[in-house]
Structures are given as structure tokens and as C-alpha cells.
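Peer 1: Read off the chains here:
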Amino acid sequence: MKYVILIHSNPQPWGHPTSDYVAEHQALPAEQRERLNAEFERLLTEMSANGELITGEALADPSTSTLYRWGGGEPLATDGPYSETKEHLAGFFLIDVSGPERAREVALAFSGPGETVELRPAMWPGGEEH
Amino acid sequence: MDSGVEDVWRRESPHVLGALVRRYGHFDACEDAVQEALLSAALHWPREGLPANPRGWLIRAASRRLVDALRSDRARSDREDAANRLAPSEAPPTDSDDSLHVLLLCCHPSLTPASQVALTLRAVGGLTTEQIAAAFLVPPATMGQRVSRAKAKLAAAGARLGDVTRADLPARVQSARQVLYLVFNEGYTASGGIDLIDVSLTAEAIRLTRELAQRLPSDTETAGLLALMLLTEARAPARTDETGDLVPLADQDRALWDPVLIAEGVTLLEQALPSGPVGPFQLQAAIAAVHDEAKTYAETDWPQIAELYRMLAALAPSPVVTMNRAVAVAMTDGPDAALAMLDPLLGDPALDQRHRLHAARAHLLDLAGRRTEARQAFREAARLTTSTPEQRYLLRRAG
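As given, the protein sequences belong to chains A and B, one line each in that order. 130 is the number that this note's numbering gives the last residue of the first sequence; the numbers go up by one with no jumps. 399 is the number that this note's numbering gives the last residue of the second sequence; the numbers go up by one with no jumps.
Bound-form chain B, shown alone (with noise of 0.2 Å):
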């Protein structure tokens, strides 16, 4: 397929199959038929040209498929009632967007955040499986069943598009977010496999944040979501050095960031900040607002990422947080109040991240000067870590 044609079908086989399932129910006949229209569509139009309405072409074509399909199993008991509804009128469905309604019916609260990430990316974002399964370095056959898994359990819940109520919606547009935070943080922290495709992560979950933060104008944690990832994105060339080991904050060549992305993620934190609630997601934009805009590591505005810190803590505390702070909190007070902070963690059992304490420890053990602590605190990240480049980071730290 030329790069044209499936440009145009990223871009509208949400919209399409938002159409038909807003109109029909039944996801997974919807999608069956929303693909073999794109199959029609990579036959007719580099032949015939594209049409001058794509979408409707293409709801058109999947519509008359569903019918055929839906007709063809009438006698079927499990689908009766679908053709049933067909019977009244058999008016094709309005283009209107439906894409936001496609990405909250993918985050329903039946599916696991991992199966709303794969749903997500395969019937908003318009990813084939293959390129999911690239991104996530699994193999394509494991991607196919939790897409196909996600849409059996849409279907026994009986998901419909309309069952989103006024009401249900602040927790699904939560979850929604959260689905795009997962998709950006896995782009970001996973450095393998993402060049051999032609897909990133990252470009993806922006993209569709900033639909849900255009759709969505007055939600300030949509808003804070977008600021942060553009905010994070514009130091991804500079976290990497040649060998493609990671680069820590401190020693980043700052010439490399993006300002054009810093300078939409502050506005738009601007813009956020004093229109509504402060969430999460805010607050850790402004953290990154902060670090964006300081000309060197030593000119951070510490004192104001050690109250933001502060804030998140008590809005959504993590042993992540609270070791976020402490380093902050090192560069303010000095490492001894960082440590003290620290100490409470050491003893919980349940902490899961327990190589980032230890490095945390370390960091702050070498600017107290007690060397010794800190090389075996580095020796012990490493030992945790499961990240590669993160190991060899820690064992050089270590000396």
C-alpha cells in the first residue's frame, strides 16, 4: 500500500469504525468490516483516485459489509439481535468524530490496562498488530490475543459506544489518560526495537493526547498530560549518548533539547494551571517545566521542584515521588536531610523498585562524601536493575 493511502486510513479507521459501532454495537464485526473496506479501499483508489470524501467512502463500504455479514449469520441466535436492529431503517451511519468515543470504549473498566494499551493503539491509533508488537519487543502472535481478547471481553460486557453516561465519564477520560501515559512511558523508556519500525510510541500517544486535549478544552489534566509528555519528548535527543547509553538529567548537553517543544508545553501548563484542579499529571509537567527552563543542571530552580514534589506527594504518594523529592530536597538542604528522607523506605518490603532507592541512596551518599556507602549503594542498584543500559550506568557510577 503507497504511504498516501495509509496515511489517510490511520487517520480515519477510528472515525470509521466509530461510526459503525456507535450505530451497530458488536466491536469486533465492526472491525472485521472496517478491514475489509480498508482492503477495497488499497484495490479502488490508488487505481481510481482518492475519493473525495474518504471517510464516508470508507463508512460506506464497511457498512454495506457489516449488513452482508450481519445478514448472513441472522440465523444465528448470538447475533439475532443485531440484525434485528438493523431491521428498521438501514440508514448508514453519520461521519461524525467518533474517535474520542472509540478511545473511551477502549479503556473500559472490563479490560486490563495492558489490553486497553493494545486496543487502544489498534483501533484509535490504526496500528497493524505487528507494529504494536514490534514496539512492546513481543512477538506478533502474543499482540493478536490481547487484541482479540480485549474485544471477546468488550463483547461479553456488552460494551456500546453509548454506554458512556455523563456521569461515567470523568473516571473513563482518567483511565483514557492513563492508557496514553502507559503508551508514552513505554515509547520513552524502551529504547529497543523502536528504530527498526516505523512507528514511535511516543509520536502516538502525543498525537492522540492532543486529540483527546482538543476534544476535551476545559480538562486541565488532559492539558497537563500533553504539556508533560511535549515536555519530556523535547530531551529525548539528548538522553542518549553515540553507544546508546542513557544520559542522566545532570550531564544532558541542554543545546540538544527541543525548544519548540518545551515552549507549547509551557504554554499550554500556563494556560492549565490557574483554570481548574491541579492534578497529577500537572504537577509533574511543571516539575519538567522547570527542569526544561534551567540553562544548566545547577541553575534548577530546586526550591520550587522540591514544593512541587511536596505537593504531588501529598496528592499521589509513591516511594517514586518520595525519592524524587529527596533528591530535590538534597540540592535545597543538603544530602543529610535527603537521606533521612530515604531511611523509612529501606525497610518496606513490598517496594518494587527497590534498585531506583538504591540509587537514589548513592547519588546522594557521593555528594555527602561518604564514598565508600555510596559504591556499594551503586553496586546494589546494579545488582536490582533489570535495565541494561541502567546497570552499566550504575557499575561505571560505582567505580
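Just chain A, same shape as in the assembly (with noise of 0.2 Å):
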């Protein structure tokens, strides 16, 4: 089954790893910051190892993002930035996983303090006739 898992977070300059550049995340024992980082890049390269991550990207800063709406019959560019205190869509990853209860095990293990990480199903194009 196909999720994405979107990384909601507000790192304080713009950089990735978001953890590194996010408060709550700063505040931790450094010995505590470093055991985090190590799970989550020993999660990552076993994911990609046995094929259960299918990608994943890292986003610039919002500011650098054009948003186009409907306004006066016509589409309508504006520019970034979005309000400074909102959290807001850093990056994602696309995953495939044997059902629900692995995907939360995943998202768990990419959550982290001072940010919101969201697991959403992705929707596929076939189904069950009953």
C-alpha cells in the first residue's frame, strides 16, 4: 500500500535536515539529537534497501513558492512567503509498505519534536468488485 508521508515543520533559517534547524529539536541533549538522527538514517537506508521507499524530496523554502489562484476569471500569480509562524510543507516521501500498521511504525520513527509529520494513504486506480 502507497503512502506519503509529509513533513510539516518551520526551520528557522530554511534548511534540511529540518530537525537541525528547528528549536525543540536544538533543545535536546546533543547525545539524545544524535541517537535520533542515527534511527532515522539507519530507518532510511533500510527502507531504501528492501524497496519500501520509492522517493522522497526535500523542498526549498516557501518563500521561493508561486501560488496561482482562480481570481477574475483568469489564473492569478502571487509569490511566497506565507506567515513566519505557521509550519509549513518542507518535504515528502513516497512509500510502499505491506499495510497500515508498518506505514504508522514508519511515521512514528519520522516524527520528531518541533514538527508535524502527517501519513496520508495515497489513493490507487483499482479495487474490489463486492
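Hints listed in this document are in silico derivations from the structure and should not be mistaken for laboratory results. All the pointers check out, no bait thrown in.
Which chain A residues stay away from chain B? Per the calculated CB distances, all over 10 Å, these:
1) Gln12
2) Glu24
3) Ala27
4) Pro29
5) Leu43
Which bits of chain B does chain A cover? Going by a derived footprint, with three or more residues having C-beta under 8 Å, they are:
6) 105–119
7) 246–253
8) 382–391
Idealized CB from N, CA, C, for every residue including glycine.
Both chains are sitting in their own frames, so use the hints and assemble them into the complex.
Peer 2: Here it is, written out as C-alpha cells:
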């Protein structure tokens, strides 16, 4: 089953890995930060080796974003940035795992202080006839 | 490569691989050697014609390459014992039918079901990594990782073909059946992408299950699995409309069902049912047969379906079985009896396929004439499903 894992974060300054630039993460004892980072790396390596990780991208600063809204019968483009205080979409992973249980396990391991991790099932083009 | 050569390759590669692995061990090295033998065949056969015994030709070519590779690796300590195994006699392996052994090796308990499926299609089905990736709608690199990781794991577990003892056999055959069922289901439920490639996972699953059933003629559950696949595949032409939307069983044009597949499935099942212990695949096949033999949805033998689901629930209980049983009970005892069966599931927080529960309830509420509640349940099911065609269907029913 395919899921996307969306990382909502507001690193200051904008940078990746986002946890390095999030105050709540920086406040952790160095030892714990190293352990969390190492665990995350290990999981990513494992998932890319066993074929569960399909792709992942880190996103650029939201101020570089362009928004297209419909207005006055035509599309209107506006530049970022958004408000400074809200969390932004900072990156995403597309995974293909055996089921919801494994997806929850992965998303849990992706989460960290000061950030919100969203686990969202992807729609698929097949189905059952019942 | 022309298609004649490819047909021969698809048919022979598991036998060639099996013969090599049985003789030398080292799944990974053997597969490399088999690949090289194929390249050589692709070069020679179109020019010189197909050899009289293609399997023997491929086994000889692959063995030569494997022996060369192992010899050149002899210095490396991790390959030493394999090279030593070559020392006493270098007689080439025999070309007895080894595809069953390769299938059982691919279903090694150290592998996850996803890896078992990928490796089975690669090594037993002879599909390319690209074909398997396209069928599962993942990038080829992802599928390549799954296959190579699975091979590495087999090597690490020291898995050898000869390892399956008589005592292991039932468990290994059981996971082989499960793997083939997964392959079939993937092909049957995933409509996207499949038409774009030349390979149908359902056809592949049926082909491999047929082989397994031929090799194990007294195994009634394998016969049951084959019957289930044939009886389900028979309905395939009627299950989507021109726009690709799913057509529920009740609304399918039964004239489109394949009578040849139905007849074969029913015959298999009639032989299997009285001759051994009745397992879940035989029961599911029996349910499919009752549906397939009904002239119309209304004429379906619902008491028999309800009874078969009762037996299945006793043997392999699951929420999905309860839901299907409830639908049959609604036809025999009315929707209220069926809704009472589903109520306990509503409070189950661990239920993963929650949309199916709401879809079943919606259908029953509709039958009971409780239109407002039905509509609400259809919407809830639509909100929860991740299948695009199912969502379209459920929203249509919600009205």
C-alpha cells in the first residue's frame, strides 16, 4: 500500500535536515539528538534497501514558492512567503509498505520535536467488485 | 529478442536456475550465470536455430559460466566453500524439473511476503524486474532493490534447495499458495498500469498455480486455490464497464462470464472437496462457484453461500469474512439479521478495512429501506476508501 509522509516544519533558517534548524530539536541533549538522527538514517537506509522507500524530496524555502489562484476568470500568480509562524510543507516521502501497521510504524519514527508528520494513504486505480 | 526465444526462456529459466542452485547452492551467483546464458542464447539461437534441447543447452552454458565465476573468486574467502564443492566432480547438473523447488526456495520463511512475491515472479515466473515493477506500479529501481535484497537475505540465511525437508514441506507449500494468491489478487484488483505491459499477473499466477497443482496432485488446497483463481478470473470481462468503472456482482452481465474457465474450476473443485481436508481456498472457491453457476443475482443459492461463509468463518475468521457472510444472511434472513452481525465490528478500533464495513452496512440499510442512514454510510465508506473506482461507485450509490 502506498502512503505519502508529509513533513510539516518551520526551520529557522530554512534548511535540511529540518530537525537541525528547529528550536525544539536543538534544545534536546546532544546525545539524544545524535541517537534520533542515527535512528532516522538507519530506517531510511533500510527502507531504501528493501524497496519500501519509493522517493523523497526536500523542498526549498516557501518564500521561493509561487501560488496560482483563480481570480476574475483567470489564474493570478502570487509569490510567497506565507506567515512566519505557521508550519510549512518541508519535504515528503512516498513509501510502499505491506499495510497500515507498518506505515504507522514508519511515520512514528519520522516524527520529531517541533515538527508535524502527516501520514496519508495514496489513492489507487484498482478496487474490488463487492 | 524475438518472442519465440523469449517464450522458451520464460518456460526454461526456472528449471535452469533450479538445476544450478540444486547442484551448486548460491542463488545469487546462479542467477547471474543463468542471465549470462540467456544473453548467449539470444546471440546464438536466432543465428543457429533453436537447439534440440534448449534446457540442456542453457544448463550447460550457465554451468560453464558459474564454474568460471566461482573459480575466479576462489581466492575470496566467502566463496571458498562453494569452490570446494566444485572440486570432487564437475559433472553438470541434471535437467530434471526443478521449478517447484525454486518456488519453495522463493517462499523461504526469512523473507517478507512482498519479497517472496517479487522473487517468485523473477525466478519462477521468469519476468524481468521492469515487468514486475510495472505490474505493481512502483519504479524499476524500487523493485530491483526488493529482488536483490531478497536474494541477499536467502544467501545470508544459507538457504539451499535441498533444505526443504519432508517435515517443512506443508508449511512451505502453504506459503507458496499464499504468494500465488497475492500475485493473483494484485493482478485482479489493480487495474492501473497492467494494460500497458505485456504481462498479466492473474495469468502468471494461474500458470504457476497450475504447475504447482500438477506437481502436487493430492494437495486439495492447491487445487482449491487454482479453482478459486479460475472461477474469479471467469468474471473478469464483466467486472469493469466501458469507462473502466467497477461493476458490482449484482449488476454484472453474466453472458460475458467465461464458461470454459467456470467449467474447469467447478470440475477441479468437485474432485478436491471430497478427497481431503477442506481448507479456506476450497471454501472460497466453492462460494465463487455458487455465484458463477447462478443465472441471475436473484437466483443465487444464498442459503448455500451463507453456510459456506459460516464454515469459512469457523476455519479462518476475519472481519472481511463476517461482512461477506452478513451480505448472504441478508438474502436469506433479511437485512436486520445481517446488520446485527455487523454491529460488533463497528466498535473494533483495529479494523483496517473500515470502508468495507461501512459499504456493507450501507447496502444493508438500503435493503431495509432506511435510506437516510444508508446514504450516510455510503458517504462514510466513500470517504474512507483509497480505491478511486470504488469511491466513484460509493458516491453514486449515496446519490
